[in-house]
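Now that you have both chains on their own, put them together as the hints suggest.
Chains as they are written, first to last, in the working numbering: chain A, 1 to 164; chain B, 1 to 418.
Keep in mind that the hints were calculated from the coordinates and are not lab data. Predicted model, so just to flag it, every value in this text is computed and none were measured. The beta-carbon is built from N, C-alpha and C at its ideal position, and this holds for glycine as well. Some hints could be false.
[Said to hold, decoys possible] Listed next, the stretches of chain A that the computed footprint assigns to chain B, with coverage defined by at least 3 CB atoms under 8 Å from CB atoms of chain B:
#, region
1, 122-128
2, 136-150
[Stated by the list, open to error] Covered stretches of chain B, as calculated for chain A (at least 3 residues, CB under 8 Å):
#, region
3, 79-87
4, 235-246
5, 383-390
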Amino acid sequence: MLREKFTDEIQKILAKYPVDQKRSAVMPLLYLAQREGGFVTKGALQEIADICEITPTEVASIVGFYSLYHDEKAGTYRIQVCTDLPCALRGADEFLQKLCDNLGIKVGETTPDGKITVEAVMCLAGCHRAPMFQVQSGDELEYHENQTVESALAVIENLKAKEA
Amino acid sequence: MSEHILLRHLQIPNLDNLEVYRQNGGFDAYRKVVTSMQPEQVIDVVKASGLRGRGGAGFPTGMKWAFIDKKNFPHYVVANADESEPGTFKDREIMESNPFQFLEGVAICAYAVQAQAAYIYLRGEFWPVAHTLDQHIAEMEDAGLLGEHLFGTDTSLRIYTHLGAGAYICGEETALLESMEGKLGQPRLRPPFPPAYGLFGKPTIVNNVETLTNVPLILANGAEWYRSFGTEKSPGMKVFSLSGNVNRPGNYELPLGTTFRELIYAHGGGIPEGRKIKAIMPAGASSSLIVATEEALDTAMDYESVPKVGAQLGSASVIVIDESVNIAWLLNKTIHFFKHESCGKCTPCREGNYWMVHLTERIAKGHATQADVDLLYSVAGQIKGKCFCALGEFAIEAVLSGIERFPQDFSLKVSAAK
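Same shape as in the complex, but just chain B (with noise of 0.2 Å):
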C-alpha cells in the first residue's frame, strides 16, 4: 500500500473528526506558523518544496503566495472548490473525507499572505459538503482554531463558504471572482493577476483545494521530506482521479512520475471484459487524446513527461478510452459539454463551439461526409489561440488531436453515411 499525505482518510478512520485529527497532528503546523514563523518564511518553505497548483496549470505555488501585493490590503485566500472538468472528482473526496487538512492549508495560506479572511468558492452541487465544512468550520472556532487572537498572537482569520450554482467556467479563477462578486462567471483580462487584483479588487490568492492539502504536511515535515516524493521538477503526491473503461475507477493518490500503465492496469484492474485500450485522456474533457501504445503507457505522469505523447497533465484526471469507443463520437460527448459551459464572453469560444457541436452531432450519427469532418478541423483551427481564456482553447485540444490520431474513427462514420 502506498503511502498517503492527501488521501490519509484510507489509512486513519474518522480523520473527517476534529478531534482525530488532532490526534494524528493536526493544527500543529499551523501553531507553529503562527506562533513561531514570519509570513516570508511560511512562503520560503512552499516555495523550496517544489508544490504546483494541482488544479491544472502546474503552476508554482510558493511564487504565486509571493507575487501578493504588500502594499494593497486587506488581502483574501480563495480555495477553488468549483471541481467541474469531466473526469475530476478528487477534491471532493478530500472535503469530505480529510476536511480539517485542507481547511488548515486554507489557514497557513491566509498566514503566509497576511488575509484575515478566506472564501471556499465550491460548486453547487457540492451543498452538502459545503454543508458539512460550515458545521468543521464552527468546530474549529469554538476550539480556537479560528476568530481573533489566535494561540495568544494578533493573527486573526475567518473562513466562509461561498456557493456557485453550476457553471464550469467559474472554475477559472478570475470568473471565479466575478461570481464570489455576484456577477455573471466570465473571467477577466489578465493581468493584472488576483495577486495583484482579486476579489473586491483586493489582492487575493487562488489555491485548488489538493494544492492546500498539500501544506499542512509541508510545513510539519519540510520542504526536504516533501521533495522525496515524485520526480525532481514534478515533486510530491498526486490525487489521480481514474475514469472511464477501467474496472477499477477511483481516486489513487501516487507520487508524480507514475506510469500510466500502473495507475490503470496495477490500480484500476485494466480493461474491462478483455478489451484493448485505444486512447487515454490525462486532463479530463479538456485534454488532448493521446494514442495508447506500449510507450504511451509507460509515460511517467508529470507535468514535463505527459507533453512529450501530446497532452498536459492538467488536474490528472485520466480518462480511459477502450477500443468499442469511436472518436468522433467521443468528441460530440465533450464538445456537447464545451459548448453548454461556455460563458458568451468571446467569440471564437461562444460561436465556434456552436458550430462544432453541429458537425460533431453529425458526424457521430452517420450523417456527414469527409467535408464535414475537414470543415470542424478547420473550424477548431481557427478556435486555438483565440479565445479570451482557456476554457475555449481546452474546448479544440481532443477535436484536433483526435481527428489527427484517430483518422480511422472518422472514416468509418462518413462511409457509412448516405
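If we strip away everything but chain A, and leave its shape as in the complex, we get (with noise of 0.2 Å):
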C-alpha cells in the first residue's frame, strides 16, 4: 500500500542514506505511513519492515520508543500543550485545564466529534513563548506560541472548519 501509494517519496528517502543501510530510513518512513490516518497501522509496519530489511517486531519498537509516532488512532488533530518547567512558570498548567474544561475533556482525551485530542508533552523548544502547543496531524507539525485559552480556542475552530 505504501510502495504504491508513495513510490517517488519512498526511493527520495532511500537515496538519503548509504544502499546498504536502509534501517535508517525506519523514520522517515513511519512518518509517511501517519500522513492519513495519524497512526502507524500494522499492515504499515509489516511493510515498512520489508523496506527497511528488518522485523516488524524491531519497527514495532521504534514506534514506541519515540513521542510522535502513535499506534492508535485518535482525534484529527492533537493539540500537544508543553507543560514542563520554563512553561509551567508561564502559566502553561492553567492554560491546558482551562483549555480542557472549555473543550468539555480531560487531558489526553478526544472530543466526542473525534476531531480534537488535548495532550501534555515534554519541551518544544519554545519556552519564550509560553503558553505555547504544537498540533500534530498527519505527518504535519505547527506551533502556536503565545496563547491564551481564547486564542487557542480559535485556533481549534479553525482546525475544526478545516475538516469540515
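See the structure below:
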C-alpha cells in the first residue's frame, strides 16, 4: 500500500542513506505511514519492515520508543501543550486545564466529534513564548506560541472548520 | 546594541535569503577553505580560535575535529539539531533565521574532516524547520555550493536532513547516531568516541548547531578576531536562552563572561511584578539550582566561573525562578521530564527517576513527611555517578542542590502534610 501510494517519496527517502543502510529510513517511513490516518497500522509496520529489511517487531519498538509515533487512532488534530518547567513558570498548567475545561474533556481525551485530542507533552523549545502548543496532524506539525485560552480555542475552531 | 555574529539576522534583514546571505559575505569562507586551504589548516584555525562545543559539554571543537580517524573512510558530519533541553531554544532561531551561516558551518566542517556527506538530525517537532532547510539545501545545490567538483576542485558534499520523533535522549551524540541508524535512541558505550566509530560505524564528527554556526566567521576573520570576544578560556559569543520568571524571555547573543545580572535585568527586564529573584538554573532542567545571591548575580557566565557558584554553564539555557516558586514543586516538574525521557537502558536512571517522580509528587502535593525528603535525597545520591550516560546524572543535579540549598521549601511542604 505504502509502496504503491508513495513510490517516489520512498525512493527519495532511501536515497538519503548508503545502500547498505536501509534501516535508517525507518523513521521517515513511519512519518509517511502516519500521513493519512495519523497513526501507524499493522500493515504499514510490516511494509516498512520489508523496505528496511528488518523485522516488524523492530519497527514496532521504534513506534513505541518515540513520542511522535502513534499506534492508535486519536483525534484528527492532536493539540500538544508543553507543561515543562519554563512553560509552567509562565502559566502552562493553568492554560492546559482551562483549555480542557472549555472543550469538556480531560487531558489525553478526544472531543466527541473525534477531531481534537489534547495532550500534555515534554519541552518543545518554545519556552520564551509560553504558553504554547503544537498541532500534530498526519505527518505535519505546527507551532502556536504566546497563547491564551481564547486564542487557542480560536485555533481549534479553525482546525474544525478546515476538517468540515 | 551588542554585535552579533550568530543572530546576525537581527542586524541584516532577510538573511535567510541565499542572495542576501551571499551579498553579506556568505560562502566566501567556504570558497576560501575549499580553494586555498588544506583540511589540517582549517582545523588549526578552529583550534586557535578556542571555540568550544555549544551543545553543553564545552569540548574544544578544533580538538574534536583533529580526532577524526584518517585511516578509515568514509567520514561523516552530523549536526546535532535535537535541541530538547527544557529552557533551550537557540538552535531553532539560528536555523530559522540565519540558516545559511549554519549550513556553511556544516560545509566547512565537512571539508576540514574530509567528509562528503553530512546529516542534520533535527528533533521531530522541528518538522517545519527541516522542510525549509531542505529547500535551502536545494538552492545551494542549484547555486553550485553543494554537489560535485565544488569551485572547480575535487571537493564534493551532500547535506541531508533527518527528523527525530520526540526523544530527548537523542541529543546525546551516540544515542543520536543509533537513532539515525534506525534503532532505539539509546546511548553507546564510549570509548570508542564518534570520531573513531560513529555513524554506520564510520568516523563521524557530531557538533551542535550553534557551534557550527560560529565556524564561517572564524574562517573569514581569523582566530584572533574571534578571541576578541569573551574571556581567555571561554572565547567568543554565546546565545543565551532566557526563560522562566523574567519580563522579556528570549534569545540574547552576548560575549561569554557576561554576568547573570546583565542578562536577567538589563536584557531580560528583571522579574515580573516586582517580585524577588530566588534561584537560577543556568543549564536548563539539567542544571543545579543556584541561590540567586548578589554574588551569584555578579558571576560571569562562562565555562570556568559558573562552577564556582555550584552549577555548570551547559547550553546556557538560563531559567529564572522567583520567590513565588516552591523548589519542591519545581523538582517534581524536572523529574517528571527526566522520568519520561529516560531511555530505559540503565537501571539507575530508569528506576531512579521512576521512584523520584513518585517522591517529588508526594512532597509537592504536601502528602509527604521529612522521611520522604530524606529518601529522595538518598535515592538521588545513589544514582549519582552510576548512570550509563549524562541524562541520569543531569536529572539529579536539581534534586541534590534543591534539597541542600532550599531546605525551607521542603520543610514548608512537609509541615503542611497531614
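Each hint, compared with the structure:
| no. | hint | in the structure |
| --- | --- | --- |
| 1 | 122-128 | holds (count 7) |
| 2 | 136-150 | holds (count 5) |
| 3 | 79-87 | holds (count 5) |
| 4 | 235-246 | holds (count 5) |
| 5 | 383-390 | violated (count 0) |
In this structure, only the earlier hint numbered 5 is contradicted, and the remaining ones agree with it.
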